[in-house]
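Colleague: Now for the letters of each chain:
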Amino acid sequence: MLSIRNYVRPQTIEEAYEYAKKPLSVVLGGMLWLKMQNRNVNFAIDLSDLHLDQIEEIDDEIHIGAMVTLRELETNEQLNYFTQGAIKESVRHIVGVQFRNLATMGGSIYGRFGFSDVLTLFMALDCEVELYPTGRVSIKEFANMKFTKDILTKVIIKKVPTNVVYLSQRNISTDFPVLTCAVSNINQHYTCIIGARPLHAVAINGDSYFETGITEKNIQNFTKCVLSELKLGSNSRASKEYRQKIAKVLIKRAFLQLKEDVYGN
Amino acid sequence: MAYKHIEKPVMKKDAMNLLLGKPVYVDDITSQDCLVVKVLRSPHAHALIEEIDVSKAQKIPGIEAVYTYKDVPQKRFTMAGQTSPEPSPYDRLILDQRVRFVGDAVAIVAGINEKVVDRALKIIKVKYQVLTPVLDFTKAKDNNILVHPEENWKALCPVGADNHRNLVATDSSSQGDLEKVFASCDQVIERTYHTRANQQAMMETFRTYCEIDPYGRLHVISSTQIVFHCRRILANALDIPQSKIRVEKPRIGGGFGAKQTVVAEVYPAFVTWMTKKPSKMIYSRKESQIASTPRHEMQVTVKLGAMNDGTIRAMDVYTLSNSGAFGEHGPTTVGLSGHKSIPLYTNNLEAFKFSYDVVYTNCQAAGAYRGYGATQGLFAVESIVSEMAGILGIDPVVIREKNMVRQGQTMGAYYNEVAKACALDKCMDHAKKLFDWENKSKVRVLENGKIRSSGVAMAMQGSGISGVDVGSATLKLEDDGYYTLHIGAADMGTGCDTILAQMAAECLDCDVDQIVVFGADTDISPYDSGSYASSTTYVTGKAVEQACEKLKNNLCDLALQTFHCEKEDVEFTSQGVKNLKTNELLTLKELALKAMCGNNIETQVTVTHSSPFSPPPYMVGMVEIELDKETGQVDILDYVAVVDCGTVINTNLARVQTEGGLVQGIGMALYEDVQYTKRGAIPENSFMQYKIPTRLDMGKIRVEFESSYEPTGPFGAKSIGEIVINTPSPAIANAIYRATGKYLKDLPMTPEKILMAIDE
Amino acid sequence: MEIKLTLNGERIVQDIEPDLLLIDFVRKNGCYSVKRGCDTSNCGLCTVLLNDKPVLSCSVLAMRANGAKVVTLEGMQEEAKPLATFIASQGAEQCGFCNPGFMMNTLALLKENPHPSDDEIKEFLAGNLCRCSGYEGQLRGIKNYLNYLEEKGNE
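Chains as they are written, first to last, in UniProt numbering: chain A, 1 to 265; chain B, 1 to 760; chain C, 1 to 155.
In short, the hints are calculated from the structure, not lab data. All values reported here derive from a predicted model rather than from experimental measurement. Every residue gets a Cβ at the ideal spot worked out from N, C-alpha and C, and that includes glycine. Please note: incorrect hints may appear among the correct ones.
Claimed, not checked - Here are the in silico distance ranges between beta carbons for each label pair:
hint, chain 1, residue 1, chain 2, residue 2, range
1, A, Glu211, B, Asp136, 42 to 48 Å
2, B, Arg444, C, Lys152, 40 to 46 Å
3, C, Asn154, A, Gly213, 50 to 56 Å
4, A, Thr215, B, Gly393, 41 to 47 Å
5, A, Lys217, C, Pro114, 49 to 55 Å
6, A, Ile13, B, Val445, 55 to 61 Å
7, A, Pro133, C, Gly9, 40 to 46 Å
8, B, Thr301, A, Glu216, 45 to 51 Å
9, A, Thr75, B, Asp395, 45 to 51 Å
As the list claims (entries may be wrong) - Below, simulated DSS-like cross-link-like pairs (lysine-lysine); rule was C-alpha separation at most 30 Å, straight line:
hint, chain 1, residue 1, chain 2, residue 2
10, C, Lys122, B, Lys629
11, A, Lys240, B, Lys678
12, C, Lys28, B, Lys277
13, B, Lys277, A, Lys88
14, A, Lys88, C, Lys111
Could you build the full structure based on these sequences and the hints that come with them?
Modeller: This is the structure in structure tokens:
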């Protein structure tokens, strides 16, 4: 059972960080994961008053605040235009609308959950996360960082020519994924992200395989490389062997779809 | 014959109040200010409690009581809600020194709120002597490790139980010279199937409130299908007279058989009886998943003998059933795996054998779940028949048409009961047309590589337990000229309150609104075995019909006192009793008032009914799937079901029962998994891990009816509650086979299992 | 700590524990329509509107609703009745335990999208589990209700 002694709503990020540094403190995201934990919390820090619930275009970047909900990501026209609907595809399977109205951008990324659809997609978008006080960090670096007291405030996407495709395999519609796969072409740089391995998502650079463009042969060679490098495991949802088969299928399908897409931005 | 209220889509009496969220369930209508009861659960699948120290827990302010195995009565009982003497063994104590599965009760804690109770649970110190568990049910029989070695274990009925062999039940029955018939068959195949311990997963978890009534008795308000059995079970558990207990059920948030077993009741009952303070236990979803009463996991081996033309001549079914740590419903569920599957093929069957073993293991105890063993048996029998059709190159529909049971036939494997009302052949005809079997049964490969294919299965069930189930109805003419109908059956959302009122309204020729229904309360309601075994419409319904006749007769007698004429000169009508000679009318209101003044004739009658038969409903299910050969994923596109439940009493409710049952069946077929870790824990312990179908997972469902007329049922009705869960697993397995050439024999048929089978 | 919010149109000021969940807060305030069906945010039974958006009240700290507007089915009785009649006409309420969450989310859907397709209905309500009805009757009820609204609008 989650037990909370103090609930605080800081008015500045500095104040929030002061609380975050205290022992047994936790920053609240959508609370969906936190709520299930058997945990004693001294300070539960709610960022609701920090105006982090905005999706803004600033210069050549899109800034997504940590308190933006997954439902807002799903229904945001600009983001879905930019990603050819991949953002919607990455969150629409997550439980239900009421759940996605609570789950936040920050919570989904910060937790670096193995099952995360959101982390998989945003890694493919090659974005940055803004941490307080550390500053901006690339999301791929963040995925492997140790947990610190930093507060994640924003996710920042660069507005550069981007093609991205998101696919997942699930045993049943609104379940956790058995495997997630996002592939992107950003300024002719190819990246493939595989998540729910069941460990958290990893990125594989595909540039050297797709110099001659996306062909069946290049996909095959790339897939071979991915499968040899990628660590896949078993859990109650699927075995390692099944994940290997699925990885192959999703990578192929994602790249074939990527080939058909045109830049949406 | 055209009815006024039967075969009509009458709205459920409680529908609007349920939809508008009125407080009607246990936790809504009982005190929020009572002791909170929780149970400390064993982390081990098999262990003995060597020491248990509750002293610190007891000292927490707000903790009222902490109980261990040392504090409870030492007489064993069963929690299965069955007619006494129960076939299920007496193998339980409220708390035992031996814990037998991960989640078994170790201690009971009662306190003023959830927080203090949770704190207390954390600081109870238990020293376990951890024992090796029996987790593999195929190795449980005659294993050296005994789940119930205790001396005071007992079986009340001769079901072949033997606790020194881990046996809950064993039996064998047969007809004809099986080996000889097999020897003369063109094709004989044998296959083994495996089904899981699926959870009923009703939305309202188990919950019970208890208080002491003004007479010092234990008043139990519980979400239960079986108020009378519950009273007896609690009396056994607490070792107090039944007269000291009253059990009442409010609205129930779903049951599906789960609430045919006493699950949560014993704990708050014990707390309140000891402390004399009100208390409540609300099972968490996790508890409902790991410490309740799911379907029996079964391994069913079928041997089938047929001729090249598809004539099915011999069948041998052996079922191994996993009862888990306790024997609830173990000896009875298993019977249906053969007795409700083999008789489907009565037409040409010359010989059959059905045998079974039911074993104890250190898994979660099983219980009653819609279908009750028939579901498991039908998955096996229907699968092997389809596979035989494939081997013989015969359409799976054709092989069924050739062999299915017909009206008038004696079903040897169903206790020699005669199929007095059977429209199974019409169901198949109807389904074929509705589904367009001729075209959809062809396997089609789409442009994207996905495959469309179809499958078929049949099913039967019973209507009540023949010669056992008892239904009663008390019907009363009230002051204002309306009626009250008291029943002991439990409406768990199925709508039996409304269905029984429809029957009464039809008999009494009045509006359904004129019948007020009340059920169920052991102090008030007439005796009813309870709502299970698909019994309420068929058994209690007949009691209602008879009660109406009796009351009408009494009202005529009452009228004679005013009319001063012969009995044959009066007639009961919708308005009241009429003197046919004079056309005088005594209205219902006048009769009711007359009954309350200087009257010796009862205007309240109770009729009890039991049937020597359990007429089976029949059905056909057809499914179209789309299968992704690269991922193994199966999407349900279309499911057609045609059901023969006799006369359909309420067309809406029968349809929704069918749709609901089909979706549960689809869940069982494709998604709902129950696994055990090496330590004996179940990972599928929440709705996050145990995935029941959402509305995105069931495709399009179409349900229609082919009625027969059951002469022993009310208005010709049979049952519908359970049969509807039986066809999805075998029909989907059949469709997968037709798409891939592989038969999946282990449920659920996950994408992984399908892909691995394809790539084999 | 002190919480101030509007529950079904009524201003409430109360002293609550910081870890009280919104579901327990509204039930304590008499809104028994709000049900708990799971421990893992999966069932949708506890759906309430928080500042007009459907959320799972089992997963929100009551304090997070400080200053907000919370609506449960108790506060939408009149609005819910016509829809309820159409669901009841199918017999799709069944045991009723999932009904309040289903009703709340359906009303939220129709506010957001007054003319949803079958697929949009299914997607929006995917987080509302029902074990009794098999969902078809609920869908029929919603569609009949939409037809009724349309016909009423055309009159």
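Colleague: Look at each hint and say if it fits the structure.
Modeller: Here is how each hint holds up against the structure:
1. A:Glu211 <-> B:Asp136: 42 to 48 Å: violated, 54 Å
2. B:Arg444 <-> C:Lys152: 40 to 46 Å: The hint (40 to 46 Å, Cβ to Cβ) holds, given that arginine 444 of chain B and lysine 152 of chain C are roughly 43 Å apart.
3. C:Asn154 <-> A:Gly213: 50 to 56 Å: 54 Å Cβ-Cβ, so the 50 to 56 Å window holds.
4. A:Thr215 <-> B:Gly393: 41 to 47 Å: holds, 43 Å
5. A:Lys217 <-> C:Pro114: 49 to 55 Å: Check passed, 50 Å falls within 49 to 55 Å.
6. A:Ile13 <-> B:Val445: 55 to 61 Å: holds, 57 Å
7. A:Pro133 <-> C:Gly9: 40 to 46 Å: holds, 43 Å
8. B:Thr301 <-> A:Glu216: 45 to 51 Å: The hint (45 to 51 Å, Cβ to Cβ) holds, given that threonine 301 of chain B and glutamate 216 of chain A are roughly 46 Å apart.
9. A:Thr75 <-> B:Asp395: 45 to 51 Å: holds, 48 Å
10. C:Lys122 <-> B:Lys629: holds, 26 Å
11. A:Lys240 <-> B:Lys678: Since the Cα atoms of lysine 240 of chain A and lysine 678 of chain B sit roughly 19 Å apart, the hinted pair holds (cutoff 30 Å).
12. C:Lys28 <-> B:Lys277: Between lysine 28 of chain C and lysine 277 of chain B the Cα gap is close to 21 Å, so the pair holds against 30 Å.
13. B:Lys277 <-> A:Lys88: violated, 53 Å
14. A:Lys88 <-> C:Lys111: holds, 21 Å
Violation of the numbered hints given earlier is confined to hints 1, 13; the remaining hints are satisfied by the structure.
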